[in-house]
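Keeping their order, the protein sequence lines are chains A and B.
Take the first sequence: its position 7, counted from the start at 1, is 7 in our numbering, and no numbers get skipped.
Take the second sequence: its position 65, counted from the start at 1, is 1065 in our numbering, and no numbers get skipped.
Hints in this document: simulated from the structure, not taken from any laboratory.
Be aware that one or more of the hints could be misleading.
[To be verified] Cβ-Cβ distance ranges computed for the label pairs, FRET-style:
| id | chain 1 | residue 1 | chain 2 | residue 2 | range |
| --- | --- | --- | --- | --- | --- |
| 1 | B | I1317 | A | D138 | 35 to 41 Å |
| 2 | A | K230 | B | R1017 | 31 to 37 Å |
| 3 | A | R34 | B | R1378 | 52 to 58 Å |
| 4 | A | L77 | B | K1005 | 46 to 52 Å |
| 5 | A | G149 | B | P1321 | 45 to 51 Å |
| 6 | A | T146 | B | A1248 | 57 to 63 Å |
| 7 | A | S78 | B | A1248 | 49 to 55 Å |
| 8 | B | K1005 | A | S78 | 22 to 28 Å |
| 9 | A | M223 | B | L1369 | 46 to 52 Å |
| 10 | A | S76 | B | I1317 | 51 to 57 Å |
| 11 | B | G1015 | A | E132 | 30 to 36 Å |
| 12 | B | L1369 | A | K164 | 34 to 40 Å |
Note that beta-carbon positions come from the ideal geometry of N, C-alpha and C, so glycine has one too.
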Amino acid sequence: MENPIIVTLEKVTKRFPAGKTQFTALNKIELTFRKGEFSGLVGPSGSGKTTLLNIIGSLDCPSEGVATVLGKNISSLSHKESAELRNYGIGFIFQTYNLLPVYNVYDNVEFALLLQKLSGSQRKKAVMDALEWVGLADRAKSKPSTLSGGECQRVAIARAMVKKPALVLADEPSANLDSQNSHMIVQTMKRLNKELNTTFIFSTHDEKVMQYLDRIIYLKDGMVERDERKSEG
Amino acid sequence: MLELKLAFKNLYGSGLRTWLNVTVLSIAFVIILFYNGMLDGWNMQAQRDTIDWEIGSGQLWHPGYDPYDPYTFADAHSSIPPEISTLIERGDAASILLTQATAYPGGRMLNTLIKGIDPNQKILKIPSELLTADNSDPDYIPAIIGRRFSQSARLKEGDRVLVRWRDSNGTFDAREVTIVSVFQTNVPTADLNQIYIPLERLREMTSMYNEATLVVLSQGAVAPQQYGGWSYRDNDYLLKDLKDIMTAKKGGSTVISGLLLAIALLAIFDTQVLSIFRRQKEIGTYIALGMTRKKVVGLFTIEGTTHSLLAILLGMIWGVPFLLLLQKTGIPMPASADQAGIAIADKITPYYGAGMILTSVILVVLSSLVVSYIPTRRISRMRPTDALRGKIV
Chain A
1 MENPIIVTLE KVTKRFPAGK TQFTALNKIE LTFRKGEFSG LVGPSGSGKT
51 TLLNIIGSLD CPSEGVATVL GKNISSLSHK ESAELRNYGI GFIFQTYNLL
101 PVYNVYDNVE FALLLQKLSG SQRKKAVMDA LEWVGLADRA KSKPSTLSGG
151 ECQRVAIARA MVKKPALVLA DEPSANLDSQ NSHMIVQTMK RLNKELNTTF
201 IFSTHDEKVM QYLDRIIYLK DGMVERDERK SEG
Chain B
1001 MLELKLAFKN LYGSGLRTWL NVTVLSIAFV IILFYNGMLD GWNMQAQRDT
1051 IDWEIGSGQL WHPGYDPYDP YTFADAHSSI PPEISTLIER GDAASILLTQ
1101 ATAYPGGRML NTLIKGIDPN QKILKIPSEL LTADNSDPDY IPAIIGRRFS
1151 QSARLKEGDR VLVRWRDSNG TFDAREVTIV SVFQTNVPTA DLNQIYIPLE
1201 RLREMTSMYN EATLVVLSQG AVAPQQYGGW SYRDNDYLLK DLKDIMTAKK
1251 GGSTVISGLL LAIALLAIFD TQVLSIFRRQ KEIGTYIALG MTRKKVVGLF
1301 TIEGTTHSLL AILLGMIWGV PFLLLLQKTG IPMPASADQA GIAIADKITP
1351 YYGAGMILTS VILVVLSSLV VSYIPTRRIS RMRPTDALRG KIV
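Kindly generate the complete structure, drawing on both the sequences and the hints.
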């Protein structure tokens, strides 16, 4: 039996003002993502990968079409509702990690839970579990400035995963990492995908990342060029 | 609560910049307390001294008496109504007779006011007991004057000075009075150009037997509101001028406090503007992690306002010992302040009332809240996708 669909994009179009004209970043995208998928958006710069991730992450709204994420129509959500959707349902991993510099590793990971009003003991257990998943439990008190790029991205993965979201969006997560670290963090995410059945959607043009993806969606000029799934086994 | 916790973490993480802002604001806070404490202390001291030396616990005035119109003095005297006399006999009141006069110290001519006061009165701090004549010379008139008048007229203890006045019939008369003592008071209006002599002596000199211009009441004395045309003036009325002057001085201090606070708040405002510009990615991250824009605005506003809470804490650490030391030692006033026309002690003891402290705390916190909030309104207009890329200019 197939997993349920958690993201549906129906004729999603996104235009940005560019001087007196409008630039079409996404053009009538039709896609669905099922729970537990480990998929990636691939394409050159300007192909619309990040724009699509932003819409799925409810950070932006489509100009036309309907984007439904975890049962919510993104365009109809208020600021508060979309914040709630991100808070409980979506984890983000950014190219530049976006860790909060004044917090230590533990605090950075805990931050995602502070908004969920969990008790202190619940938060502590969840944070330590997440740091164990990424192998950084011993660096809990370290500041981001003392970590390597790979370690920072692992902290970012722990932060995205600590609230056990249904969906994780990773925007070029390996772009600032060397080859070894790129493999390591994608392997970590792949493991978490298997263990927790979390849906991962990447935007990438990194071959090292692509080899781990179960599904690759090629974007070009804001349109889906190809949608390839790896055969099982 | 979450915002406060995050704000403290962010401020702590900001290091030196936070402490510079906090230090500047704490200095402004302590100086505001100092200024207000000094003025409140001065106000209290001035009121206390004026009551002790000049007005007592209220006065009863002859219907013709107007202290602001010297022309009324000549006619503002009459026999004391019996009910008021009863108060005087019980020691609950002391009568004073005023007569305009001219003094001729060292051949110069000075307008003066002769005040006849009962040498046995205990209501005012004027050392009237020194006027008890122990001289057999019937023409001997003992007089006491304040230090200010002593200096301006160049009179000292033991000096004799000719004074000329008009009696109740308008006839000029003149005699020499002997300065038996020069007293020290903080109240210039009980001192400048005033000569105190025994009441009965003045009555005799002016032929105003059993008459008075005003009656000073002691604490707790219950006076008739109006009797025989004499009017009761309570301390609110009698201290009005003093309070008006203090209010005007408070206005000046408010301007200085406002300027100091504005400088400190400008630093917070500047920090907030810079923070929002430099921390766009952080703002975008907060939103991506599930914070509403409203919450992010709240976070940054509280972060800015927390400067003031830290400043108050820091101000208490260094300011409380400093302010208490000033309260203990007093603030010396320059000699020129003596001529200000308002009661000023050699040293002013600041008074830090709970209300004044609370008002200052609220002022500092509220004003920092406002200047912290204004720059953060920009966050509510930010697109999170632009913020995440740090693209907002």
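Going down the list of hints, with the structure as the test:
no.	hint	verdict
1	B:I1317 to A:D138: 35 to 41 Å	holds, 37 Å
2	A:K230 to B:R1017: 31 to 37 Å	violated, 51 Å
3	A:R34 to B:R1378: 52 to 58 Å	violated, 40 Å
4	A:L77 to B:K1005: 46 to 52 Å	violated, 28 Å
5	A:G149 to B:P1321: 45 to 51 Å	holds, 49 Å
6	A:T146 to B:A1248: 57 to 63 Å	holds, 59 Å
7	A:S78 to B:A1248: 49 to 55 Å	holds, 54 Å
8	B:K1005 to A:S78: 22 to 28 Å	holds, 26 Å
9	A:M223 to B:L1369: 46 to 52 Å	holds, 50 Å
10	A:S76 to B:I1317: 51 to 57 Å	holds, 53 Å
11	B:G1015 to A:E132: 30 to 36 Å	holds, 31 Å
12	B:L1369 to A:K164: 34 to 40 Å	holds, 37 Å
Hints 2, 3, 4 from the list above are not met by this structure, while the remaining hints are.
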